[in-house]
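2 protein chains.
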Amino acid sequence: MALVNEHFLKIPNNYLFADVAKKVNVFKATHPKAEVISMGVGDVTQPLAPAVVEAIHKAADEMSTQSGFHGYGPEQGYDFLREAILKHEFLSRGIHLEKDEIFVNDGAKSDTGNIQELIRWDNSVGVTDPIYPVYIDSNAMIGRAGIKDENGRWSNVIYMPCIAENKFIPQIPDRRVDVIYLCYPNNPTGMVLSREELRKWVNYALHNDALIFFDAAYEAYIQDEDIPHSIYEIKGARKCAIEFHSYSKTAGFTGVRCGYTVVPKEVTASTLDGEAIQLNALWNRRQCTKFNGASYISQRAAEATYSAEGRKQVKATIDYYMRNARQILTVLKSLGLECYGGENAPYIWVKTPSETDSWTFFRQMLYGAHVVCTPGVGFGPSGEGYVRFTAFGSREHTEEALQRIKDWLK
Amino acid sequence: MALVNEHFLKIPNNYLFADVAKKVNVFKATHPKAEVISMGVGDVTQPLAPAVVEAIHKAADEMSTQSGFHGYGPEQGYDFLREAILKHEFLSRGIHLEKDEIFVNDGAKSDTGNIQELIRWDNSVGVTDPIYPVYIDSNAMIGRAGIKDENGRWSNVIYMPCIAENKFIPQIPDRRVDVIYLCYPNNPTGMVLSREELRKWVNYALHNDALIFFDAAYEAYIQDEDIPHSIYEIKGARKCAIEFHSYSKTAGFTGVRCGYTVVPKEVTASTLDGEAIQLNALWNRRQCTKFNGASYISQRAAEATYSAEGRKQVKATIDYYMRNARQILTVLKSLGLECYGGENAPYIWVKTPSETDSWTFFRQMLYGAHVVCTPGVGFGPSGEGYVRFTAFGSREHTEEALQRIKDWLK
Numbered sequence: 001m002a003l004v005n006e007h008f009l010k011i012p013n014n015y016l017f018a019d020v021a022k023k024v025n026v027f028k029a030t031h032p033k034a035e036v037i038s039m040g041v042g043d044v045t046q047p048l049a050p051a052v053v054e055a056i057h058k059a060a061d062e063m064s065t066q067s068g069f070h071g072y073g074p075e076q077g078y079d080f081l082r083e084a085i086l087k088h089e090f091l092s093r094g095i096h097l098e099k100d101e102i103f104v105n106d107g108a109k110s111d112t113g114n115i116q117e118l119i120r121w122d123n124s125v126g127v128t129d130p131i132y133p134v135y136i137d138s139n140a141m142i143g144r145a146g147i148k149d150e151n152g153r154w155s156n157v158i159y160m161p162c163i164a165e166n167k168f169i170p171q172i173p174d175r176r177v178d179v180i181y182l183c184y185p186n187n188p189t190g191m192v193l194s195r196e197e198l199r200k201w202v203n204y205a206l207h208n209d210a211l212i213f214f215d216a217a218y219e220a221y222i223q224d225e226d227i228p229h230s231i232y233e234i235k236g237a238r239k240c241a242i243e244f245h246s247y248s249k250t251a252g253f254t255g256v257r258c259g260y261t262v263v264p265k266e267v268t269a270s271t272l273d274g275e276a277i278q279l280n281a282l283w284n285r286r287q288c289t290k291f292n293g294a295s296y297i298s299q300r301a302a303e304a305t306y307s308a309e310g311r312k313q314v315k316a317t318i319d320y321y322m323r324n325a326r327q328i329l330t331v332l333k334s335l336g337l338e339c340y341g342g343e344n345a346p347y348i349w350v351k352t353p354s355e356t357d358s359w360t361f362f363r364q365m366l367y368g369a370h371v372v373c374t375p376g377v378g379f380g381p382s383g384e385g386y387v388r389f390t391a392f393g394s395r396e397h398t399e400e401a402l403q404r405i406k407d408w409l410k
Numbered sequence: 001m002a003l004v005n006e007h008f009l010k011i012p013n014n015y016l017f018a019d020v021a022k023k024v025n026v027f028k029a030t031h032p033k034a035e036v037i038s039m040g041v042g043d044v045t046q047p048l049a050p051a052v053v054e055a056i057h058k059a060a061d062e063m064s065t066q067s068g069f070h071g072y073g074p075e076q077g078y079d080f081l082r083e084a085i086l087k088h089e090f091l092s093r094g095i096h097l098e099k100d101e102i103f104v105n106d107g108a109k110s111d112t113g114n115i116q117e118l119i120r121w122d123n124s125v126g127v128t129d130p131i132y133p134v135y136i137d138s139n140a141m142i143g144r145a146g147i148k149d150e151n152g153r154w155s156n157v158i159y160m161p162c163i164a165e166n167k168f169i170p171q172i173p174d175r176r177v178d179v180i181y182l183c184y185p186n187n188p189t190g191m192v193l194s195r196e197e198l199r200k201w202v203n204y205a206l207h208n209d210a211l212i213f214f215d216a217a218y219e220a221y222i223q224d225e226d227i228p229h230s231i232y233e234i235k236g237a238r239k240c241a242i243e244f245h246s247y248s249k250t251a252g253f254t255g256v257r258c259g260y261t262v263v264p265k266e267v268t269a270s271t272l273d274g275e276a277i278q279l280n281a282l283w284n285r286r287q288c289t290k291f292n293g294a295s296y297i298s299q300r301a302a303e304a305t306y307s308a309e310g311r312k313q314v315k316a317t318i319d320y321y322m323r324n325a326r327q328i329l330t331v332l333k334s335l336g337l338e339c340y341g342g343e344n345a346p347y348i349w350v351k352t353p354s355e356t357d358s359w360t361f362f363r364q365m366l367y368g369a370h371v372v373c374t375p376g377v378g379f380g381p382s383g384e385g386y387v388r389f390t391a392f393g394s395r396e397h398t399e400e401a402l403q404r405i406k407d408w409l410k
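From first to last, the protein sequence lines are chains A and B. The numbering used here puts the first residue of the first sequence at 1, with every later residue one more than the last. The numbering used here puts the first residue of the second sequence at 1, with every later residue one more than the last.
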């Protein structure tokens, strides 16, 4: 008789954003005249760059011909894209990687969710808290996270709280952690770590033979020149870190689906007998078995973001969103709200007034201002008492939402 | 210290097709003047249907505008595609499914590889042999397949041989099997199962509370009206079968990436305590956690295959490939080779002459005729002594390859 994987039964039925969407839909159904503005889901709103659209048209035309047709590509991605990535994302920063250390994918969510397949089921997992739910949930589904307690903490997960009181700087844990997920610039807090702070993590990993899974999905939003764009800017990271990138937020590809994962050949994990196994080879095997490559069209679209025109257009859209972010920060701070992030990331992390809990404040804002934010507690226990705003809306919607919040809070 | 998932170390380093590609590349490097024709990898060669290309252009234009831009779609896929699937793939065959039983993906390989995440680590797995490597490998990676013996058989996998001697009809096993992978029309043998034979499997699954993972990736190639296109044509299958579809071979989407998985709400697996858990909810949770939806562009492309024009064009390409298949069958049979498949599938399964082993015959044909086939043993132990030809090439290449084989074998 077929038996279910009972670990699935331990995780909440709904994915956080599905939960938020449900509540928003209930509100819309009962308030059909309300024009709800979402600053909740981290989804982009501006059109694709013209250079990208042109590349999609060109790829489609190729696919309509015998000689230009592309069937299965290499599971790791086409050379034209991997080479562009090496050149523009890494060589330009003095980081030397090899082509076969780059694995193109259909977006970071898949790879950040699947990467845990490479490690033993009983490795301990460390996460900053609050965090993007995928890192924990993907481990919970395989049993690595243990059991959830009444406070929403998993027994086998080591949480490194990032809150106002510690300036959102995660402390090196006092317990053994085998695998650490870090996301900087951070989703959901919008905060960044300095080179010095990141170095502490790399050194911890090197000294403890631990792994860092580093999510750099928002690196294109960094404004401050001192903040690293890649963990490989830190010496030694090539030996202990796997890094995830995505075109979703960089170039508005949330509906196009393309990203890439970097697995340096020096990164290893150990067998019980102490033999070091290269994870690059294992990831390659995993992807060759369970993935058939990203769409040729999406890869040509991604390549176009590296042309001179593409780079300009992509930057213009990022600047557009960061202008929203500055506006959100300005207005919410003027209302007396304690705000974090929004300077090197498109997320603003706001402490709720009067210690209101996250979901209550979310509901109050939805009903009071018809604006959607994301309850911070949905990202983890240390997110309680915070909500997240995104800067991805249109200028007009962002300004209107801020006006409504002003009117509501006054 | 980070420990590796040691199950990965038990599987061969290379994926079968990567292995074949390596040997072909060695040949090409040492015989630069040889024009190698591949009838090996199951990749399509004909351009996308004009209706599909038009849909891609239209989607790209939408994405270049504010109002037409699409960001994140529902992880399960857009309604426009799910509704088209329900109507054209199922309702048209008298099968009533609901929209939320359809999960759009980036191609069947991902889902056939990931579906095993829903079941307990120690479920026993049954496969027809020979088989598409993903079904076994994805289970081996999590430890469900046991240990591989010297004959290439995994200790926890129940093999149901499909060979000339049993007319390629898999026998119901005499041991308990919790999860059975079936692929019909079959990759690699090109054979099909009658309604009656499929019914035996559905009844087995119903009586034993087992699950069937039914890969219907090639159903569009069925010519015989009596052969089912979906396992849901069999009464009771809704209670025990999950079905996988892909636009890869149906519509040439190997480089576009789109497919869908059907998980009827009646399909359950049990907890240790005997509680029936709905797999539809679990798959939804898995996909919401580790997948961000198929590209909007790919989904509009898939939708276009259901328009009147699209259906005609897609059928014309399938007919083109099946003409190749008939030609391959005719010629190889005339050379005295024992051939199977090729009538309801784009694959022809050929017994090697004089009991030559698969890899030897593969090598002999590569060096002797400069034609690539796929060694049957790469698909499993019962594939030894067979090779697979695909009908996906161009007419010209197919005819030339057959001429060279004629010359070589005479």
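Mixed in with the good hints, there may be bad ones.
[Said to hold, decoys possible] Okay, derived cross-link-like pairs now, DMTMM-like style, lysine to aspartate or glutamate, Cα gap no bigger than 25 Å in a straight line:
(1) A:58 to B:54
(2) A:265 to B:100
(3) B:22 to A:6
(4) A:10 to B:62
(5) A:28 to B:79
(6) B:265 to A:19
(7) A:315 to B:61
(8) A:148 to B:273
(9) B:315 to A:6
(10) B:10 to A:62
(11) B:58 to A:266
(12) A:148 to B:309
(13) A:22 to B:98
(14) A:10 to B:273
(15) B:58 to A:309
(16) B:22 to A:54
(17) A:58 to B:43
(18) B:10 to A:122
(19) A:58 to B:309
(20) B:10 to A:54
(21) A:239 to B:6
(22) B:315 to A:62
(23) B:312 to A:62
(24) B:23 to A:122
(25) B:23 to A:98
(26) B:239 to A:6
(27) B:148 to A:19
(28) B:99 to A:61
(29) A:58 to B:62
(30) A:315 to B:62
(31) A:10 to B:100
(32) B:148 to A:209
(33) B:10 to A:19
FYI, nobody ran anything at the bench for these hints, they're computed from the structure.
- Take the C-alpha atoms of residue 148 (chain B) and residue 209 (chain A), compute the straight-line distance between them, and say whether it is at most 25 Å. It is violated: about 30 Å lies between the C-alpha atoms, which goes past 25 Å.
- If you draw a straight line from the CA of residue 99 (chain B) to the CA of residue 61 (chain A), is it 25 Å or shorter? Roughly 32 Å separates the two Cα atoms, so the pair is violated.
- Would you mind confirming whether the straight-line C-alpha gap from residue 265 (chain A) to residue 100 (chain B) stays at or under 25 Å? 42 Å, violated
- Is the Cα-Cα distance between residue 265 (chain B) and residue 19 (chain A) 25 Å or less? Judged against 25 Å, a Cα distance of about 21 Å means the pair holds.
- For the pair supplied as a hint, residue 10 (chain B) and residue 62 (chain A), is the alpha-carbon distance within the 25 Å limit? 41 Å, violated
- Message: Tell me if the straight-line CA distance from residue 148 (chain A) to residue 273 (chain B) falls inside 25 Å.
- Response: Holds. Residue 148 (chain A) to residue 273 (chain B) sits at ~20 Å (cutoff 25 Å).
- Message: Please verify whether residue 315 (chain A) and residue 61 (chain B) have alpha carbons no more than 25 Å apart.
- Response: 21 Å, holds
- Message: What's the verdict on residue 22 (chain A) and residue 98 (chain B), does the C-alpha distance respect the 25 Å limit or exceed it?
- Response: Given pair residue 22 (chain A), residue 98 (chain B) holds - Cα atoms ~20 Å apart, limit 25 Å.
- Query: Is the hinted pair residue 58 (chain B) and residue 309 (chain A) satisfied, with a Cα-Cα distance of at most 25 Å?
  - Reply: Holds: residue 58 (chain B) and residue 309 (chain A) sit about 22 Å apart, inside 25 Å.
- Query: Does residue 122 (chain A) lie within 25 Å of residue 10 (chain B) when you go C-alpha to C-alpha?
  - Reply: 19 Å, holds
- Message: Check the hint pairing residue 58 (chain B) with residue 266 (chain A) against an upper bound of 25 Å on the C-alpha distance.
- Response: Violated. Residue 58 (chain B) to residue 266 (chain A) sits at ~44 Å, over the 25 Å cutoff.
- Is the hinted pair residue 23 (chain B) and residue 122 (chain A) satisfied, with a Cα-Cα distance of at most 25 Å? Outside the cut-off at roughly 38 Å; violated.
Checked against the numbered hints above, the structure breaks hints 2, 3, 4, 9, 10, 11, 12, 16, 20, 24, 27, 28, 32, 33 and satisfies the rest.
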